[in-house]
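A.B. asks: The lines below spell out each chain.
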Amino acid sequence: MMASDPPVVSTPALAVWRSRSIGLLLLVAALAFLPPLLLASLWLKVLTGVAIYTLTAAAIALLYRRLGLVSLAHVALMGAGGWVGLRLAYGLGTPFEVNMLAGGIAAAGLGMVFAYPALRMRGLYLALVTLMIAGAFAIIVNVLQFPNGGGGWSGFAVKSAGYMPRPAIATSDVGYYAYCVVVTALGMALIHWHEIGKAGRAWALIRRSEAAAMSSGVDVPFYKVWAFALSGFLAGIAGVLLAGNLQMLDARSFPAAESVMIFALTIVGGAWNPVGALIAAALYRLVPALLNDFGVNGDAAYIIFGAALIHALATAPRGIAGQLEDLASRLFGRSNGGNTR
Amino acid sequence: MIEIDAVTVSFGGVTALNTLTVQLDAPVVGIIGPNGAGKTTFLNVLSGFVRPNSGRIHAFGRELTGMQPHQRAQWGLRRSFQKEQAVDELTVEDNVRVVLDSLPLSRDVVEDALTGALEFTGISAIRRRSVAGLNAFERRMTELARCVAGSPKLILLDEPGAGFSQSEVATLRSVINGIAETIGARTFLIDHDVDLIQATCQRTIVLDFGSLVTYGETASVLADPKVRAVYLGMEET
Chain G
1 MMASDPPVVS
11 TPALAVWRSR
21 SIGLLLLVAA
31 LAFLPPLLLA
41 SLWLKVLTGV
51 AIYTLTAAAI
61 ALLYRRLGLV
71 SLAHVALMGA
81 GGWVGLRLAY
91 GLGTPFEVNM
101 LAGGIAAAGL
111 GMVFAYPALR
121 MRGLYLALVT
131 LMIAGAFAII
141 VNVLQFPNGG
151 GGWSGFAVKS
161 AGYMPRPAIA
171 TSDVGYYAYC
181 VVVTALGMAL
191 IHWHEIGKAG
201 RAWALIRRSE
211 AAAMSSGVDV
221 PFYKVWAFAL
231 SGFLAGIAGV
241 LLAGNLQMLD
251 ARSFPAAESV
261 MIFALTIVGG
271 AWNPVGALIA
281 AALYRLVPAL
291 LNDFGVNGDA
301 AYIIFGAALI
311 HALATAPRGI
321 AGQLEDLASR
331 LFGRSNGGNT
341 R
Chain D
1001 MIEIDAVTVS
1011 FGGVTALNTL
1021 TVQLDAPVVG
1031 IIGPNGAGKT
1041 TFLNVLSGFV
1051 RPNSGRIHAF
1061 GRELTGMQPH
1071 QRAQWGLRRS
1081 FQKEQAVDEL
1091 TVEDNVRVVL
1101 DSLPLSRDVV
1111 EDALTGALEF
1121 TGISAIRRRS
1131 VAGLNAFERR
1141 MTELARCVAG
1151 SPKLILLDEP
1161 GAGFSQSEVA
1171 TLRSVINGIA
1181 ETIGARTFLI
1191 DHDVDLIQAT
1201 CQRTIVLDFG
1211 SLVTYGETAS
1221 VLADPKVRAV
1231 YLGMEET
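Residue numbers (my numbering), protein chains in the order written: chain G, 1 to 341; chain D, 1001 to 1237.
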């Protein structure tokens, strides 16, 4: 660095990130390899779902945190990515990674289309537009159905003709779980890499004020579209991972209400912290399964989610993850770097 | 030389700028006038937020009228806002770096420009601090550093001195006075603080009801009975 640098007053964000990165790697490894040793295969499938929805929640949180945009269409984006992934898997027999990238790119393209209303709208109106898109997707996919090995353009046969192959290196449930954890971690690293760079600075200014962003030379429409494309890309990848988990997708499991639910849980979990996405996904996939296991109807989870959302809006704007962060800084007496949000 | 040629802006039935024609050529030009005179509208037209109904703007031989706000910024037009727009969640240097991100500069040039802007505004000691923990004056200087970074051509400052103590305004004054020489940019300054206008602006333009009252040497403009009438409302008695 430069000789004229003043003494460092506070720790630069990058150095914190470096010292944390080894810990993060260990955490990802532990998440990927420990649970299979402890759990039966049913629970492993649930945890795989948690890993996949963590990526979706992180993608939603990115739009909310960086641009203040509410997207209620992310489950539809997952579905679109999953559709493309399945279509390629059956139609061309391409490797899983190729299908995943193609699903991600297709959903990114769709996300860029969603971004069009976002250039002019915010808040409630944008949320309504995205909700309508999610509703439209639910109808289209109910007519079209997900490819399941059938013939023709849509690849759907009434009697399922096969299962989607998993990646060659992770065909077992245990292997596939670890695969999903690693892909989700890479996806979140991609978000982080964007946030500490040019795009993150531009997004931060846009969120502060579009006028200030424009007069600082930021091409506001470009960066908004970019954020939607990145968010859609990750949701699309999550959709293909989901298809690989169940080795098929059911059109009935993509109603618009699911998009609303995962958005609400992202707020409850906390959009300002990566852990928030994990909490959101755990609430979404794990809590209903646990309730079922206790002999309670899994739908009872919705009551808990409703209460949690009210709690988050009233007392914890940074979500459960924000509260945990505050608790940790209180316990260890650490400053949270002036982050008062 | 910045040429404003018959610029008219109306919002519904209100004419915010009325065929304003003026050629501004001093290093620092003051813009004064009572509330609602069209000062901020004038800056908004220059920075591209408001499209004039008619008229043209040329700056240093370049026609600005059709350019988008971010294109004007990349060309070299910067502005500060009445309410400062520093971003809490970024560090001071990242707040400034944003403006350099959009310019086609090499990494070394960016670092030099960043250091230069932070030193010029006197905030290099806090460059790694998060803006959330700064006081109002440090936030204002962060915004000002964003305005001077990356060799701008024209800087628009909308009431930068409002709400600061005398010593803070004195610091601000010396920074504004240094812009022409150190940064090499022209500055347009809106402020209600006549002392600040007198101490920094070689020439001053006076607006009232969207029309040009007068433009000339600051001292003679401020002594002009017409200007005093506009400010003190004597014509109405």
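Incorrect hints may appear among the rest.
Beta-carbon label-pair distances, calculated as ranges [as the list claims (entries may be wrong)]:
1) G/Gly23 - D/Ser1106: 30 to 36 Å
2) G/Gly91 - D/Glu1063: 49 to 55 Å
3) D/Gly1178 - G/Ser209: 24 to 30 Å
Some chain D residues well away from chain G (every beta-carbon gap over 10 Å; in silico) [what the hints assert, rightly or not]:
4) Thr1021
5) Gly1055
6) Ala1073
7) Glu1181
8) Val1194
None of these hints come from the bench; they were simulated from the model. Quick reminder that beta carbons are idealized off the backbone N, C-alpha and C, glycines included.
A.B. asks: If a hint holds in the structure, say so; if it does not, say that too.
C.D. replies: Results for each hint:
Roughly 34 Å separates the CB atoms of G/Gly23 and D/Ser1106, a value that falls within the hinted 30 to 36 Å. A hinted range of 49 to 55 Å holds for the C-beta pair G/Gly91 and D/Glu1063, which are about 53 Å apart. Take D/Gly1178 and G/Ser209: their Cβ atoms lie about 27 Å apart, and the range 24 to 30 Å holds. Once the 10 Å rule is applied to beta carbons, D/Thr1021 is consistent with being away from chain G; the minimum gap is 25 Å.
With a cut of 10 Å on Cβ distances, D/Gly1055 stays outside the contact zone with chain G, its closest approach being about 21 Å. Interface exclusion of D/Ala1073 from chain G breaks down, the closest Cβ pair being 4 Å apart, not more than 10 Å. Its beta-carbon lying about 21 Å from the closest one in chain G, D/Glu1181 satisfies the requirement of being farther than 10 Å from that chain. No Cβ of chain G approaches the Cβ of D/Val1194 within 10 Å, the least distance being about 26 Å, so the stated non-interface status holds.
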